[in-house]
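Peer 1: First to last, the protein sequences are chains A and B. 1 is the number of the first residue of the first sequence in the working numbering; add one for each residue after it. 10001 is the number of the first residue of the second sequence in the working numbering; add one for each residue after it.
It should be emphasised that the hints constitute simulated quantities derived from the structure, not laboratory data. Every residue gets a Cβ at the ideal spot worked out from N, C-alpha and C, and that includes glycine. Check before you lean on any hint, since a few could be wrong.
[Stated by the list, open to error] Distance condition first, Cα-Cα at most 25 Å in a straight line; then the derived SDA-like pairs of lysine to any residue:
1) B:Lys-10025 with A:Asn-1076
2) B:Lys-10111 with A:Ile-1046
3) B:Lys-10025 with A:Ser-337
4) A:Lys-841 with A:Pro-778
5) A:Lys-806 with A:Asp-777
6) A:Lys-643 with A:Val-707
7) B:Lys-10025 with A:His-902
8) B:Lys-10057 with A:Ile-1046
9) A:Lys-790 with A:Lys-643
10) B:Lys-10003 with A:Gly-449
11) A:Lys-549 with A:Leu-492
12) B:Lys-10057 with A:Glu-1066
13) A:Lys-841 with A:His-902
14) A:Lys-947 with A:His-902
15) B:Lys-10025 with A:Ile-1053
16) B:Lys-10111 with A:Phe-1064
17) B:Lys-10111 with A:Phe-1052
18) B:Lys-10098 with A:Gln-1107
19) B:Lys-10057 with A:Ile-1053
20) B:Lys-10057 with A:Phe-1052
21) B:Lys-10006 with A:Ile-1079
22) B:Lys-10025 with A:Gly-449
23) B:Lys-10003 with A:Glu-1066
24) B:Lys-10111 with A:Ser-1087
25) B:Lys-10006 with A:Phe-1052
26) B:Lys-10034 with A:Ile-1046
27) B:Lys-10025 with A:Leu-492
28) A:Lys-340 with A:Gly-449
29) B:Lys-10111 with A:Lys-947
30) B:Lys-10006 with B:Gln-10078
[As the list claims (entries may be wrong)] Computed, partial: chain A to chain B, Cβ under 7 Å:
31) Gly-1056
32) Leu-1058
33) Ala-1059
34) Val-1086
35) Ser-1090
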Amino acid sequence: MFDLFKLPTLLKKENLAKAQILYKLLAGTMAIATILLLLLWIALPQNSMRWISSIFVFDLICLGLLFLNRKGNTSIASGLFISLCISTIVFLALFGGGIRSATIQIIPVVVLMAGLVQGWKAGLFTGLVTAVIGLGLVLLELWGILPANSVVHNSFSLWLISLSCIALLTLLQFYAIESLNSAFKKTQEELFLRTKAEEELRKNNVFRKMVFESSRIPIVVMDTKTFQFIECNQAAIDIYCFSTKLETIGKSPADISPPLQYDGTTSEEKAKYYVEKVLSQGEIVFEWLHQRPNGELWDAEVHLMRFDADNRQLMQFTLLDITERKKAEKSLKESESRIKSISNNFAAGMIYQVIINPDGSRTYSYLSDSVKKLYGISPEEAMANSSLIYNRVHKEDIEFLLKAENEATKSFSTFKVEARIINPDGEIRWSSFVSTPKLTNEGSVCWDGIEFIITDSKRIEEALKESEERFRLLAENSVDMISRHTAEGIYLYVSPACRGILGYEPKEMIGHSAFEFVHPTDLAKLEESRSMVVEVPVTDVVTFRVRHKNGNYIWFESTSHSIKDKNNSETIEIQVTSRNITERKLAEEALRISEEKFRGLFEKSGDALLIIENGKFIDCNHAAVEMLQYKSKEEFLYSHPSKLSPKMQPDGKDSLEKADEMMELAVRNGTHRFEWEHIKNNGEIIPVEVLLTSISNDPTKIIIHTVWRDITERKYAESALKESEEKYRYLMQNMNEVVMMVDNDDRVQFVNKKFTDKLGYTPDEIIGKIGYEKLLDPVDREIIIEANKKRIDKEISQYEICFIAKNGRKIDFLVSGAPIIDNEGKTLGSIGTMTDITERKLIESALKESEERYRKLVEAFPDIIMVYDKERNVLFANETFEKITGISPKDYNNANRNASIHPNDMKVIDSAIQDLIDSKISQTDLIEYRFTDVWGKLHWFSGRIAKLYMNGQIAFQAVIRDITEKKKIDVELEKYRNKLEILVKERTEELAAANEELSSINDELYDQREELQTSLNKLYETQKQLIHSEKMASLGILSAGIAHEINNPLNFIHGGILAIENYFNENPRENAQLINPYINAINVGVSRASEIVNSLNHYSRRDDLPQVNCNIHAIIDNCLVMLRSQLKNKVEINKQFTEKYCSIFGNEGKLHQAILNIISNAEQSIENKGTIEIETEVIKNQLTLSITDTGCGISKENLQKIFDPFFTSKDPGKGTGLGLAITYNIIHEHLGTIEFESQQGKGTKAIIKLPINKIE
Amino acid sequence: MAKDTKLLYVDDEPINTMIFEANFKRNYHVITAKSGIEGMEKLHDNSNILIVISDMKMPEMNGLQFITQAKKYYPDIQYFILSGYEITEEILEAIDNKLIFTYFRKPFNMKEIETAVEDALK
């Protein structure tokens, strides 16, 4: 039975409490039920079998529940128990005999419950209370207060039993609960402790494991004895490059290391050494060389420590990969040693570090070994005393060096100094010092410097400078222009030769592009050359024109080449030598032109011209082609002359042979002329005269200039001549006259038959002999020589001469000699026709005597007596003739003699002679004419000419008197007369001209005066207008200012009164109504004033403002406002405005002015009272504004003048007279018209018409 | 017409500013300035000024110069000119260029100004 009281161990903790309570309840209930069973069985054995059995059943159920609870089904058990309790209560209530007894019966249950739940003390208390209640109830029933119940005794007894039961129960309860509680508590504590311990253990293990496993520091545990790894974490596996832990465990240090360590000992030995060390020291740190399975070596810092576990001596170590650090260390070491070696082996200089001491002195903290070489001292010595170095700097440079260093020190900038240093051997070298001072960690200033020996480069620099200087001198003094350019062509340098060649100063060109100076057409050429020179390393020559400063272009021949950078082969500059070749160019040009000219001559020449080179025609002109009748020269060029010739020449020679012969002759003699036969294209033979001229001395290139002249005509003429000669010979031979031909030396060439007959010589005896030697008396020789001479001059002459015949007889001949002239006009000789005049001679001598007499008479005559023929050949003249005219007898027949009749008088003579010839008259009247003598002197002749016959020919005899002197006087007189006449005429003309001029000047003056008057008037007018408009303009500006100034105070008043009004509206006063009229008055005043100002503003719109659309009605209203004061109480205004659109495009101010003027005039015309009607009307885009007044009107004569400026009908000083003139101008400016209609005394109507602006 | 609408009125005549404020304070929160420079200061000191009305003729800076300057910083404000002068080319141009909303002439017409301001604030 007591097993039931033992709690099941398998119960879950949360169910445990429940189970306990249920257990207590069930136990208690069972106990009560069992006691009740016993009591009922004792007290009421006779009639309570029902109850007993019920209670027994109840007990059984409870026992079952207890069992169920112990099995762990606490919830089911508790549920069933509650159902059991309820059903019991219901059962009791139904069968127990009333509520009271039921209540009593419930008491133990309540007590039990309370006891169980709240502890036994509560149970006791509740039991007592319920016992009192139960006792009370019983007593009440007994005393009859409550109705009697049969149950009383039962109840009472039952109550007693109950009470005792309670006591028992309570005790039982107390014992059970206490003992149970203590047992339970202990169990619970134990359970808790155990759970906690377990949890702790579990946690600890996991944590440790986790820390170990997840650590990124490789950790390995190693057995001290076996040297084997027995545990490791993932990091260790990773660092060893194993794949699993299994692989790692069991390995020994030797397995993860190369055979040898850093110091050369084997890894195994070294490991042993470290293990022993750690065993004695506890923990150590060392570096270890590892090797991965793939052979890769790596360094680690190993932290090894000893620890004891499981009674075993173990060791654990952590690893730190220091490969990178090792590597860096190594490279640092290497670089350090490298630098050290460089610095020590730095032959060209020295590396050093200097620290500036606070006092400014220097201390070397480092010097490379080369200091020994450069300064002859050891680095240590120099470090100890810096002056050993500084004192070696050249005296002249030390100050400069220190200054540069100090300056760089101050600003921490870089200094670069070149200074002279004295070598250990006393020589001077050039060194460059470069460095940048910096601040050290200690705060002092130091620098790492390099001394670099630059003696060589310095020397090169000097040499370079020198050579540069030389080059410059060369360039400066060169006649050619030397220039240096950038790759783009910009002048970097230009030699002074540019002054002479181009007229520019070098500085005017430097910085400019060479292309700026080049002739536009040559730009492309030069650019091509430039890009070629830049791209290809060649020297290029280019010819182009460059502009001289004076604007002319100069021909340049420029030789340019580029200088390349040795490193990147980029063009550094272009060097150019330019030469002025203008002269050469001009010569070339001239040559070209001349060549062209000659070619033209060659081509155009009428003669056929050909050029033979080495025996072949190579060129010819058009005439040659034409001559040969080919179509073009190409058809026969490059052929031998013989190809263009018949096979044989007229002399029977072969053309080919003869042609070569001729050419050879030409080459030998320079030139050769001959006749040749060529053959035309059509086969016709053409004779030509050929002139060959050799024009080349080069034996390999024989050039012969060839001229062909067609001599077909000449040939023909020659043969004709031959024929005619034959004919003439025959003729002469048989002539009746003696004919004889001589050459220029009078050698006889030919005599005819008559000659031989007359003179007895046979032709053979006389031909070839000198004529005058054989045939003449030596006395007459001179005559014949003279005659022959004349004939050489182609003169035909006739003379008488005495020949001596073979038999000695003298025969007088009249010889007519004519020259023989060949084709070229050369006199070859003369031919004489001779007539025998021996008989006539005899008669002549008789005549001579008588003639002599007359002659003397005539010769002595003071006037000229002369006879001449129709050809004006003087046949005879007396001595006076020669005296006066200077014409000697030898010039009698010379038509070209100097002396002649004045051309102007020729006509008179000619007509007179003609009259004589025509036999109209036999003798002329006295004719006066002028005559110029051989000395050029002019004579006046007066004479008569008479006709006479001489030898059957008409001849004229003139008797002439020189009247020059007389004439001179006459002429003089005439001249005077003429002069006088001319003078008179001139004077008259002059006078007339002057007169005319005067009158025209007069007219002009008159016009000018008129003009001046008008312009003066105009000027006056304009001036007035100007003054007025100036006045108006200033009025405009003034009124705008005034408007502003008035508007501001108006604003005060308006705003102020508005504020007052508002104030009264917001704060009503009793007498507020009284103020309203005053406020209104102010408002009206302000608005009226504002309106006036506004109108004034519109009126004074500036004239120069742009044209705008103007509302004409608004303008009229504005004007009325402005004139309000004048109109008030005097004039009634009637307005009739059209409602049609009537906007005018114009100047608002001007329109105001115009309308104001008219209305003002209208107002002024009204004396007392009247009306002004203003009417607008629109007809066909035209606005008609009429202003009609009932004023005094305008008189008819004044009506015409009203627009005249300064016309006024007002009293002086009252009106300017400009108003309407201005109005008129304004209306016209707006393309409108204005006119007035007026009747004196009735009124005036002004009608203005203006175009309406269609565009709004 | 909100009483919290901030309006800046700039005029060199103190009477004008006083009277303007007296009349418009019932409708707007009126801030006044005696010059363009002070106007700029007032604009910087007061946030949410929606309307600026300025006199044209003022010393140092005229109304349009001030507005041009102010518009650079406060492009969203609506600007007006209230001037005793007749409308000028300069002002017409400013209206065309949307520099100012419109132009009022002195003496001011309250209704006209209120209507224009309400228009501008829409």
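Peer 1: Now look at each hint and say whether the structure bears it out.
Peer 2: Hint check results:
{"no.": "1", "hint": "B:Lys-10025 with A:Asn-1076", "result": "holds, 22 Å"}
{"no.": "2", "hint": "B:Lys-10111 with A:Ile-1046", "result": "holds, 22 Å"}
{"no.": "3", "hint": "B:Lys-10025 with A:Ser-337", "result": "violated, 91 Å"}
{"no.": "4", "hint": "A:Lys-841 with A:Pro-778", "result": "holds, 20 Å"}
{"no.": "5", "hint": "A:Lys-806 with A:Asp-777", "result": "holds, 12 Å"}
{"no.": "6", "hint": "A:Lys-643 with A:Val-707", "result": "holds, 17 Å"}
{"no.": "7", "hint": "B:Lys-10025 with A:His-902", "result": "violated, 127 Å"}
{"no.": "8", "hint": "B:Lys-10057 with A:Ile-1046", "result": "holds, 13 Å"}
{"no.": "9", "hint": "A:Lys-790 with A:Lys-643", "result": "violated, 51 Å"}
{"no.": "10", "hint": "B:Lys-10003 with A:Gly-449", "result": "violated, 81 Å"}
{"no.": "11", "hint": "A:Lys-549 with A:Leu-492", "result": "holds, 19 Å"}
{"no.": "12", "hint": "B:Lys-10057 with A:Glu-1066", "result": "violated, 34 Å"}
{"no.": "13", "hint": "A:Lys-841 with A:His-902", "result": "violated, 41 Å"}
{"no.": "14", "hint": "A:Lys-947 with A:His-902", "result": "holds, 22 Å"}
{"no.": "15", "hint": "B:Lys-10025 with A:Ile-1053", "result": "holds, 18 Å"}
{"no.": "16", "hint": "B:Lys-10111 with A:Phe-1064", "result": "holds, 19 Å"}
{"no.": "17", "hint": "B:Lys-10111 with A:Phe-1052", "result": "holds, 17 Å"}
{"no.": "18", "hint": "B:Lys-10098 with A:Gln-1107", "result": "holds, 23 Å"}
{"no.": "19", "hint": "B:Lys-10057 with A:Ile-1053", "result": "holds, 19 Å"}
{"no.": "20", "hint": "B:Lys-10057 with A:Phe-1052", "result": "holds, 16 Å"}
{"no.": "21", "hint": "B:Lys-10006 with A:Ile-1079", "result": "violated, 30 Å"}
{"no.": "22", "hint": "B:Lys-10025 with A:Gly-449", "result": "violated, 82 Å"}
{"no.": "23", "hint": "B:Lys-10003 with A:Glu-1066", "result": "holds, 17 Å"}
{"no.": "24", "hint": "B:Lys-10111 with A:Ser-1087", "result": "holds, 15 Å"}
{"no.": "25", "hint": "B:Lys-10006 with A:Phe-1052", "result": "holds, 23 Å"}
{"no.": "26", "hint": "B:Lys-10034 with A:Ile-1046", "result": "holds, 20 Å"}
{"no.": "27", "hint": "B:Lys-10025 with A:Leu-492", "result": "violated, 78 Å"}
{"no.": "28", "hint": "A:Lys-340 with A:Gly-449", "result": "holds, 15 Å"}
{"no.": "29", "hint": "B:Lys-10111 with A:Lys-947", "result": "violated, 137 Å"}
{"no.": "30", "hint": "B:Lys-10006 with B:Gln-10078", "result": "holds, 11 Å"}
{"no.": "31", "hint": "Gly-1056", "result": "holds, 6 Å"}
{"no.": "32", "hint": "Leu-1058", "result": "holds, 5 Å"}
{"no.": "33", "hint": "Ala-1059", "result": "holds, 4 Å"}
{"no.": "34", "hint": "Val-1086", "result": "holds, 6 Å"}
{"no.": "35", "hint": "Ser-1090", "result": "holds, 6 Å"}
The structure fails hints 3, 7, 9, 10, 12, 13, 21, 22, 27 and 29 (numbered hints given earlier, in ascending order).
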